[in-house]
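Take the sequences, apply the hints, and build the full model.
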Amino acid sequence: MLRFVVRRLLQLGPILLGLSLLLFVWLRALPGGPAAALLGERATPEAVARIEELYGLNEPWYVQYWKFLVNAVRLDFGNSSRTNRPVVEEMLRTFPATIELGTAALIFAIGIGIPLGYFAARRYGRWLDNLSVSGSLIGVAVPVFFLAYILKYVFAVRLGWLPTGGRQDPRMDAEHPTGFYVLDGIITGNLEASLDAIVHLILPAIALGAIPLAIIVRITRASVLDVVHEDYVRTAEAKGLYERTITRRHVLRNALLPVVTVIGLTAGLLFSGAILTETVFAWDGVGRFVYEAIGNRDYAVLQGFILMIAILYVLVNLAVDVSYGLIDPRVRVQ
Amino acid sequence: MRTTSLSRRFAVISSAVVVSLVLAACGGDDDGDDDGDGAEGTAGGSLVFGASADPIILDGALFSDGESARPAYQIFEGLVTTEEGGTEIVPALAESWEPSEDGLEWTFHLREGVTFHDGTDFNAEAVCFNFERWYNFEGVMQSPAVSYYWNTVFGGFADGAVPSLYAGCEATDESTAVISLTRPSSAFIAAMQMPSFRIASPTALEEGDADAVGGTEESPAFEGTFGYENPAGTGPFRFESWERGSNLTLVRYDDYWGEPAQLDEIIFTVIPDGPARRQALEAGDIDGYDLVDPADAEALEGAGFQIMRRPAFNVGYVGFQQNHPPFENINIRKAIAHAINKENLIQTNYPEGTEIATQFMPPELFGWADDVTVYDYDPEEAQRLIAESGVTDLTLEFWYPTDVSRPYMPNPQANWELITADLEAVGFTVVPMTAPWNPDYLDAQSTGNTPMFLLGWTGDFGDPDNFIGTFFQTVNPQFGNFENPEIFAKLDEAEAETDPDRRTELYQEANRLIADFVPGVPYVHNQPAVAFREGVSGYVPGPLNNESFAAVTVD
Amino acid sequence: MSLAQVEATTESAKVSEEGGSLRRDAWRRLRRDPVALVGFGIIALFVLVAIFAPWIAPYDPADRPGAGIVTPTNIPGPSAEFWFGLDELGRDEFSRVVFGARTSLLVGVVALLLGMAGGLVLGVLAGAFGGKVDTVIMRIVDVMLSIPGLLMAIAIAALLGRSLLSVMIAIAVINIPIFARLLRGQMLAQRESDYVLAATSLGVRRRSIVFGHVLPNSMSPVIVQATLTLATAIIEAAGLSFLGLGSPDPRVPEWGLMLANTQRYLASAPHLAFFPGMAIVIAALGFTLLGERLREALDPKYRR
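Chains as they are written, first to last, in this note's numbering: chain W, 1 to 334; chain A, 1001 to 1555; chain C, 2001 to 2304.
Please keep in mind that the hints were generated in silico from the structure rather than gathered at the bench.
Here the structure is a predicted model, which is why all the values come from computation and not from measurement.
Glycine is no exception: its CB is placed at the ideal position from the N, C-alpha and C atoms.
One or more of the hints may lead you astray.
[Stated by the list, open to error] Label-pair restraints from in silico Cβ distances:
(1) V2038(C) to L195(W): 20 to 28 angstroms
(2) V88(W) to P2216(C): 46 to 54 angstroms
(3) G1535(A) to L195(W): 21 to 29 angstroms
(4) V70(W) to N1136(A): 32 to 40 angstroms
(5) S2208(C) to V88(W): 50 to 58 angstroms
(6) A2044(C) to L10(W): 46 to 54 angstroms
(7) T1373(A) to W26(W): 23 to 31 angstroms
(8) A1212(A) to V322(W): 25 to 33 angstroms
(9) L75(W) to E1207(A): 23 to 31 angstroms
(10) V2121(C) to T103(W): 32 to 40 angstroms
Okay, here's the thing in structure tokens:
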């Protein structure tokens, strides 16, 4: 198991190196530079030239790339040209926000998706099955931002049940030692703040979790159907075991494997969705920040953030592979 | 006391605009309930204001964006400020001032008994400390991206690489500061109200290491804590806390020299998306927000929210770059001016009451001329001018920006579509060109690569120099490197002139020359709106977006 | 024609007959599947609307029948004359939605073809050659997959500038690794299968094995994936337009751009967001329904 993890971690190296090079070429190929982005309407050619000189943007690209690599190893990604703050500081602020949102979306998707998929399969062809199947098909056909707007319009604007956006009521007096607001409330003993953070999470998490939910329902249903018809389940049924025992001991455990894979894959999906969801719900997270950084040609932020996103993404997939081993003993032996 | 030479007309118009607000404010005061915390006229309470972005830093010298300026206006005060709802310069930290005969020395008589939020005394030394700080910026701090307004108003820095308008500052006594200039400038005093020239506590600046720039040469970072943790000014509100990316909280400064603020606290909360800000207001999550979309204004008004319109202090225009044919041909430029149905454009895309522009600055500003050449909507005249021009290739590369909503152009794409339809109706062929506003569009536009484009300008201070002086005083690639010595000379003369009446005349002459030359087609002066929920009162919208929250109350 | 080739051809005929029977079986079950028929019906409608847009739409998409009536706060909704109401410039929304089908179909199909072609090349190379070629290609695919799809698409669209073509390329690129993995997996699986081993032992050249046998037999999952990709391509194109990276010419109606443009009118004219939004949902749904049912029909484990 350990060797497996180590081997996977070593594979991360070439991927990241390739990615960083790709990133670097991409950034340099982008039309326009950060100088004009900083100045807006006031970008006169003289001012632009002056900024490029001051920021050392006219050094050869390989010098810039080498410096970037050396610094990245030391977790120093430079400073944002837009906010003039260290990139690491911006990461510590925005990554917890997105991870918190993504986790909430995943909890929503798994919490509803696995039971729904399971019961749909057990009642194959009946109304619950048909309903969840068609629901999940519609679910993947709705653009994330369209769903986000509809949810917000109905539940926040029309009904006023939930806030329209943000991570916490601005009037709330709360400390944020970790940046994970729900957790912060618990740590600082401010349960009211935790509750408020949860209330703010509901709509964005549903919007973001809708597509993963649809996928998880479908995969769970499919893999439960697979397993139900396997010989060992038929044997178990023939032996007269209770349905609940069969479920726990055989069906769910074996059906979870593909589901776990899909959860790993949805990590990327969640992030793509986060760019749009965060825009609609004024969520101060990574997606929005990176999107704005592309517009602003904020090289340091893009290099650091995209690399960090890729690392996280690969790590999530590693965790998925490891959890395979926990669920399925056969994988451990390999 | 001497005030600047701003037109009286402006004050009249702007006061007409604010009359209803003042009435609303009175009403608000009457039924504003007293929370019973004792103090006379202190309504207390907190106000949550929706901002479109997080401030960059709370140090006036180091930013040039509106969302940093909004809180900075509450924390810091300048030597002078503008009258409520107008652009006329009135006293602030200086009770009075006078320039010397030659216009090179400005003596400011300072208010006494003023303290900064950190307890430091305000005096002439503090004023000079601030000016000397700005003047001595080094390295990256001199970048126009950092100290844009010093670069614009004063030119160079102490290192002398670029000549500076600033010559020195002397504290002749505790409450008298004398600022000397290297040449007379009429725009100097008007600029002094901007957040970039507001006075901060010397102690806080030093303790907070305000000028510390860390990081590497390639990617500098502000390292000092002043602008993030302890921005101490003299204003009616002081800094409380800032959760970057989401909330900035200011609280009332109890030892304020003037009328203390009504509110206990203001919270600026970041909501970048326009529709999201409106929804947050409707849902009661925030008490007010800026940059209200024209499409929302009436709907909000109908639903019982207050919409406050600022006097129009901007201009939206179609620009031509004369280095690209056929725009060097004046008949083509005139034909385009006649082809555009401005009235229809404004009716379709702008709120009611929006003014059609005839020149590159708003009528509220002195120097605006009522007798410039006006190009009315006249497709036949446009076709006649095209025929007369002799140009056969009538293909126009016409640019519009995306990802942006400006006060003068809430929906650039919609403007582009209507103008394009008008142009094609008279025989032009339009090639659609677009780029994200920041930086691609502005980059292309400022380097002369957008033959025909949509743009505009919002005034930073109340002087024509900030409008037509910015566009047409020298060769400007935005307008395709044209050289029109007559216009250039007129604007140089106007800037150096110290007699207010003569200046007005010179700028009017310049406006007439520009209108005849058609470097672009100005078409709109919009009134940007601010929205508040019912029960918020005392906010007086101003043309320069520099409103104070000191008199604002909530019920 | 050598003996080996003749033998290989007959061998492949046998295999494709097997594949053919699977496909015929699938087709039979699809025809009886109401969900698949609904999906197919939606797609047919969508394609017909796109082709016959000028005859279906009552107005030219650029005409402004509402000129002079429409202001930012007065955008009339659906009526007998204008079925979907007017847009923010006074144009007929129904006509624009109808013409928008053309753009969406074009973007979806071209993006799919480009992505499939790229994925085929990489997947076939990796699967056919194995070894170092496989390792290198799969590392490239890993790198591509380590960036979330939309972020990758934004990056590419930002690089290429605003145009429909760059939207197509951006969407194609994020689908390349998916098709590449799919093809490689298929080829690896079939490389061990009896008929390939037989063909190899008979001395059939690798190229003819790959193109004559393996590739045709990998087509079923590719077709399923392609149908589903059309759905995501339409949604992704809308997402890119929403973020301001679509076509530069707003006169050509495009659903994503129409939806994005009208966010600001959500309060006063919700119909402007509703109709293009629903058009995207329905078109994407059509491809999803058909694709999913096709997948199930081709998958032996659902045969009961």
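Quick rundown of the hints versus the structure:
1. Distance hint check for V2038(C) and L195(W): the Cβ-Cβ separation is about 43 angstroms, which falls outside the suggested range of 20 to 28 angstroms.
2. As the Cβ distance of V88(W) to P2216(C) is approximately 53 angstroms, the hint placing it in 46 to 54 angstroms holds.
3. Against the hinted window of 21 to 29 angstroms, the Cβ-Cβ separation of G1535(A) and L195(W) comes to about 27 angstroms, which satisfies the hint.
4. Range check, V70(W) to N1136(A): about 33 angstroms between beta-carbon atoms, so the 32 to 40 angstroms window is met.
5. Checked against the hint of 50 to 58 angstroms, the pair S2208(C) and V88(W) passes, with Cβ atoms roughly 56 angstroms apart.
6. Distance hint check for A2044(C) and L10(W): the Cβ-Cβ separation is about 51 angstroms, which falls inside the suggested range of 46 to 54 angstroms.
7. For the pair T1373(A) and W26(W), the beta carbons lie near 49 angstroms from each other, so the given range of 23 to 31 angstroms is not met.
8. For the pair A1212(A) and V322(W), the beta carbons lie near 45 angstroms from each other, so the given range of 25 to 33 angstroms is not met.
9. Distance hint for L75(W) and E1207(A): a CB-CB separation of about 29 angstroms, consistent with the stated range 23 to 31 angstroms.
10. Between V2121(C) and T103(W) the C-beta distance comes to about 38 angstroms, which sits within the given range of 32 to 40 angstroms.
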